[in-house]
Amino acid sequence: MMNQSLNQILEIVANDHFQGVNARNLHQALKVGRDFSNWIKSRLHGANFIEEQDFIIVQNTTIGSPKLANQKGGNKKAVFDYFLSIDTAKHICLMERNEIGQAIRQHFINAEKALKQYAPKVHRNTLQATAKRLASIDHNHEMTEALQKHLIRQGKQPQAHHFINEQNLLNSLAIGGNFKAWKAEKGIKGKVRDYFNDEQLTLLTELEKTNAALLELDIDYSTRKKQLTALAHRLLQTN
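Residues 3 to 241, numbered by my numbering, are exactly what the sequence shown covers, in order.
Hints in this document: simulated from the structure, not taken from any laboratory. There could be a bad hint or two in this list.
What the hints assert, rightly or not - Below are the DSSO-like pairs computed for lysine-lysine, each with C-alpha atoms no more than 30 Å apart in a straight line:
#, residue 1, residue 2
1, Lys-182, Lys-193
2, Lys-92, Lys-191
3, Lys-211, Lys-193
4, Lys-92, Lys-158
5, Lys-188, Lys-158
6, Lys-92, Lys-193
7, Lys-211, Lys-188
8, Lys-228, Lys-211
9, Lys-188, Lys-228
10, Lys-211, Lys-191
11, Lys-191, Lys-33
12, Lys-191, Lys-227
13, Lys-211, Lys-227
14, Lys-228, Lys-158
15, Lys-185, Lys-228
16, Lys-193, Lys-33
17, Lys-158, Lys-182
18, Lys-193, Lys-151
19, Lys-227, Lys-185
20, Lys-151, Lys-211
21, Lys-211, Lys-182
22, Lys-228, Lys-151
23, Lys-33, Lys-43
24, Lys-191, Lys-151
25, Lys-151, Lys-182
26, Lys-43, Lys-188
27, Lys-92, Lys-188
28, Lys-92, Lys-33
29, Lys-182, Lys-227
30, Lys-43, Lys-92
31, Lys-188, Lys-151
32, Lys-185, Lys-151
33, Lys-188, Lys-227
34, Lys-185, Lys-92
35, Lys-185, Lys-211
36, Lys-227, Lys-151
37, Lys-158, Lys-211
Since this is a predicted model, take the numbers as computed values, not measurements.
Using the sequences and the hints, build the whole thing.
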């Protein structure tokens, strides 16, 4: 997900009486498999959100703008957008029950704090941090899938320890030390990425991208470890 599109997707818009997020953009960011119209209606009705309080509906004049029925190519079906309050957007992110939803929900929490403090620079920083975290999640999924296919091609049954060992290696390289000791020292029990700084997330993303490519080539673990270690050292020196 590119930073520019993330700016558009997570943009908080406001008019005279409502401040919120375009639900169509949120649907895109959450990578929901269902079509937008059915998804947003089920989410809003399922949680008993109130129109004009938790969300508003406006006709979209840029997507599938309807023509009069008597015009050539006329289409009676109008397209509507839903704008969600920040609290509603946070709740819907939570309803998705996945890591991407949690990351975007945390962004809205941080952005809301920044807006309350009238600090646009802080808001931009939270957006950049969210972009890096989402990129890391995407490439982690890509690497996990590549590892599973690699193991199967090697005639091995994928086991939990394969994925844990792989991630521990990359996490250790990202923090520049023993990951298990670092985790114990900080008392981390939740999502590790929540505790990585921007530089560590950027490095982790590069390592996951590279590791996925090496796995596609069926490079063995020992060789991958050497190459990833060399890459981490080189990237750390350039920062």
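Tested hints:
{"no.": "1", "hint": "Lys-182 <-> Lys-193", "result": "holds (14 Å)"}
{"no.": "2", "hint": "Lys-92 <-> Lys-191", "result": "holds (22 Å)"}
{"no.": "3", "hint": "Lys-211 <-> Lys-193", "result": "holds (20 Å)"}
{"no.": "4", "hint": "Lys-92 <-> Lys-158", "result": "violated (41 Å)"}
{"no.": "5", "hint": "Lys-188 <-> Lys-158", "result": "violated (35 Å)"}
{"no.": "6", "hint": "Lys-92 <-> Lys-193", "result": "holds (18 Å)"}
{"no.": "7", "hint": "Lys-211 <-> Lys-188", "result": "holds (27 Å)"}
{"no.": "8", "hint": "Lys-228 <-> Lys-211", "result": "holds (16 Å)"}
{"no.": "9", "hint": "Lys-188 <-> Lys-228", "result": "holds (27 Å)"}
{"no.": "10", "hint": "Lys-211 <-> Lys-191", "result": "holds (25 Å)"}
{"no.": "11", "hint": "Lys-191 <-> Lys-33", "result": "holds (26 Å)"}
{"no.": "12", "hint": "Lys-191 <-> Lys-227", "result": "holds (26 Å)"}
{"no.": "13", "hint": "Lys-211 <-> Lys-227", "result": "holds (14 Å)"}
{"no.": "14", "hint": "Lys-228 <-> Lys-158", "result": "holds (22 Å)"}
{"no.": "15", "hint": "Lys-185 <-> Lys-228", "result": "holds (23 Å)"}
{"no.": "16", "hint": "Lys-193 <-> Lys-33", "result": "holds (20 Å)"}
{"no.": "17", "hint": "Lys-158 <-> Lys-182", "result": "holds (26 Å)"}
{"no.": "18", "hint": "Lys-193 <-> Lys-151", "result": "holds (25 Å)"}
{"no.": "19", "hint": "Lys-227 <-> Lys-185", "result": "holds (21 Å)"}
{"no.": "20", "hint": "Lys-151 <-> Lys-211", "result": "holds (15 Å)"}
{"no.": "21", "hint": "Lys-211 <-> Lys-182", "result": "holds (22 Å)"}
{"no.": "22", "hint": "Lys-228 <-> Lys-151", "result": "holds (21 Å)"}
{"no.": "23", "hint": "Lys-33 <-> Lys-43", "result": "holds (17 Å)"}
{"no.": "24", "hint": "Lys-191 <-> Lys-151", "result": "holds (29 Å)"}
{"no.": "25", "hint": "Lys-151 <-> Lys-182", "result": "holds (27 Å)"}
{"no.": "26", "hint": "Lys-43 <-> Lys-188", "result": "violated (42 Å)"}
{"no.": "27", "hint": "Lys-92 <-> Lys-188", "result": "holds (27 Å)"}
{"no.": "28", "hint": "Lys-92 <-> Lys-33", "result": "holds (16 Å)"}
{"no.": "29", "hint": "Lys-182 <-> Lys-227", "result": "holds (17 Å)"}
{"no.": "30", "hint": "Lys-43 <-> Lys-92", "result": "holds (16 Å)"}
{"no.": "31", "hint": "Lys-188 <-> Lys-151", "result": "violated (34 Å)"}
{"no.": "32", "hint": "Lys-185 <-> Lys-151", "result": "holds (29 Å)"}
{"no.": "33", "hint": "Lys-188 <-> Lys-227", "result": "holds (25 Å)"}
{"no.": "34", "hint": "Lys-185 <-> Lys-92", "result": "holds (28 Å)"}
{"no.": "35", "hint": "Lys-185 <-> Lys-211", "result": "holds (23 Å)"}
{"no.": "36", "hint": "Lys-227 <-> Lys-151", "result": "holds (18 Å)"}
{"no.": "37", "hint": "Lys-158 <-> Lys-211", "result": "holds (23 Å)"}
Violated hints, in rising order: 4, 5, 26 and 31; the structure is consistent with all others.
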